[in-house]
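Engineer: Okay, here's what each chain looks like letter by letter:
Number of protein chains: 2
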Amino acid sequence: MNNKEAKKQEILEAFQFRHATKQFDPEKKISDEDFEFILETGQLSPSSVGYEPWKFVVVQNEELRGKLREVSWGAQGQLPTASHFLVILARTIKDTKYDSAYVENLMLNVKKVPEDIFGQMKVRYKSFQENDLKLLESERSMLDWAGKQTYLALANMMTAAAQIGIDSCPIEGFQFEKVQEVLEEADLLEDGHLAVSAMVAFGYRSQEPRPKTRKPMSDIVQWVK
Amino acid sequence: MNNKEAKKQEILEAFQFRHATKQFDPEKKISDEDFEFILETGQLSPSSVGYEPWKFVVVQNEELRGKLREVSWGAQGQLPTASHFLVILARTIKDTKYDSAYVENLMLNVKKVPEDIFGQMKVRYKSFQENDLKLLESERSMLDWAGKQTYLALANMMTAAAQIGIDSCPIEGFQFEKVQEVLEEADLLEDGHLAVSAMVAFGYRSQEPRPKTRKPMSDIVQWVK
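Protein chains in written order, with our numbering: chain A, 6 to 230; chain B, 6 to 230.
Identical chains share a label here; the pair holds if one copy fits it or two copies do between them.
Distance condition first, Cα-Cα at most 30 angstroms in a straight line; then the derived DSSO-like pairs of lysine-lysine:
{"#": "1", "residue 1": "220", "residue 2": "116"}
{"#": "2", "residue 1": "131", "residue 2": "72"}
{"#": "3", "residue 1": "12", "residue 2": "217"}
{"#": "4", "residue 1": "131", "residue 2": "102"}
{"#": "5", "residue 1": "27", "residue 2": "116"}
{"#": "6", "residue 1": "102", "residue 2": "183"}
{"#": "7", "residue 1": "183", "residue 2": "139"}
{"#": "8", "residue 1": "217", "residue 2": "9"}
{"#": "9", "residue 1": "116", "residue 2": "139"}
{"#": "10", "residue 1": "217", "residue 2": "127"}
{"#": "11", "residue 1": "27", "residue 2": "183"}
{"#": "12", "residue 1": "131", "residue 2": "183"}
{"#": "13", "residue 1": "230", "residue 2": "27"}
{"#": "14", "residue 1": "102", "residue 2": "27"}
{"#": "15", "residue 1": "117", "residue 2": "102"}
{"#": "16", "residue 1": "139", "residue 2": "27"}
{"#": "17", "residue 1": "127", "residue 2": "117"}
{"#": "18", "residue 1": "183", "residue 2": "230"}
{"#": "19", "residue 1": "217", "residue 2": "99"}
No lab work stands behind these hints: they were computed from the structure.
Since the structure is predicted, the reported quantities are computational estimates derived from the model, not experimental observations.
Sequences and hints are given; from them, build the entire structure.
Structural biologist: Written out as C-alpha cells, the structure reads:
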C-alpha cells in the first residue's frame, strides 16, 4: 500500500472513530497543545467571501457551564464531563452586511485588499446578499448564513480532533433565546454582534459507541454524466 | 517528533494547502478511487439528529455544467476546468420536518430505531424544531438548517481532499432561483424534496494561490476560565 492509500485509510478510520460522544471521561484532559491545534483548524477553515464570521468561546468556567446546562437539553452529559467545551458564535447582520464596519476592517486591514478593489467587491457582495441568495431577507437569514460558515469550522475541528484520537460532540439541542440570555449576561455577545450558532464538546470517551449507521452511497450520490 | 506531532503538522499543512481554487488544470483528473474517498467523508459526516439531509450530485455532463455556469457568477473558472463538480443539495421541509415520511423511514429502516423509541424521539424533535431553535418558523429556516448540516459534509470533503493533495473551491456565488430552475429541469430535485445548498469544485490547481490570511487567534478565541 502506498503512502496515499495509507493516508486515505487513516482518514476514514478517523471518520469511523468520531461519534457524538454523550459522556466523557472527566479525568482525562486534552493538552493545551492539542486544543490549540483543534482551534487552529477552525481558524484556517474557509468561509463565504472570506468573512470569517465566527468566534469560539471556550467555556471552562463551572458556573457558566452550569447555567448553559439548564437551557441545553442536548448537553446534559457533555457539559459536566467535557475536557473543553466550545460555544461557537456567529456574527450577526451588524457585522456580516456587505457595508458593515466589520467587513471593511477585515478586508482592508486583515486581508490587505486595496481600497479600489474593495469598492468593486462591495458592489458584488451587495448584489450577492440582496439578490442571488436573498440573504438580506431577514436578520435570521443573515444569521443562518453566518451559521453555515461556522459549521465548516465545526466539522474541521471535530475531524481534526478525531484524527489525533480526541472525541467530540456537536450540539444543537439548546433553547436559542435562553442561551442568548446566558451569554449576554456573561458579556460574550459583543453588544449584539454575535449570537450562538452551535456548541461542541471535546474530550475522551468514557464508553464505546454503537456502530455508525449511514444511508448507502447509492441514496446520497447521483452522477450526471 | 512523535507520531501525533507529525500528524498534527501534516493536517495543518493540508489546511494551508487548501485554498479556493478558481481555475483547475483541465488535463488533470481525479481518480475514481480518490473521488469515492472524498464522497465517503461526506457520507460519514455528522448531521443534526442524524437526519443526513443531503444529496451530492456529481455534474460531469458538459451541457449541465454550461447551464449552471450561466447562473453562477462564482463558478466561471471552475465549471469548465474542474475534474469533478458537485452540487450539494439539502433536503427541504418536506423531508426534514419531525413527522415526515423521510424521517420515519430513515429512523426505522436505516438506523433501526425501535418504534417506541422513535415515538419518544418524535416528541423531542417536534419541540426542538418548534420551540428550541424555532426552525419551523418558515420553509427557509428549515432549509437553512438542513443547509448547515450540508456544510459539515462540505468542509470534511474539502479537507479530506486537501489531505491527499486535491484542490477544491466551495461556491455560494450563484442565483438561487435560477439554479433551482436548471436543476428542476434536469429532474434532480426529487419533486421539491431537495434544493441547492452549495457547490464545490474538485481538481488540481493550475497556478499557485496567494498566501492565506486569517484574523489572529486572539480575535476569534475567548476563554472563560
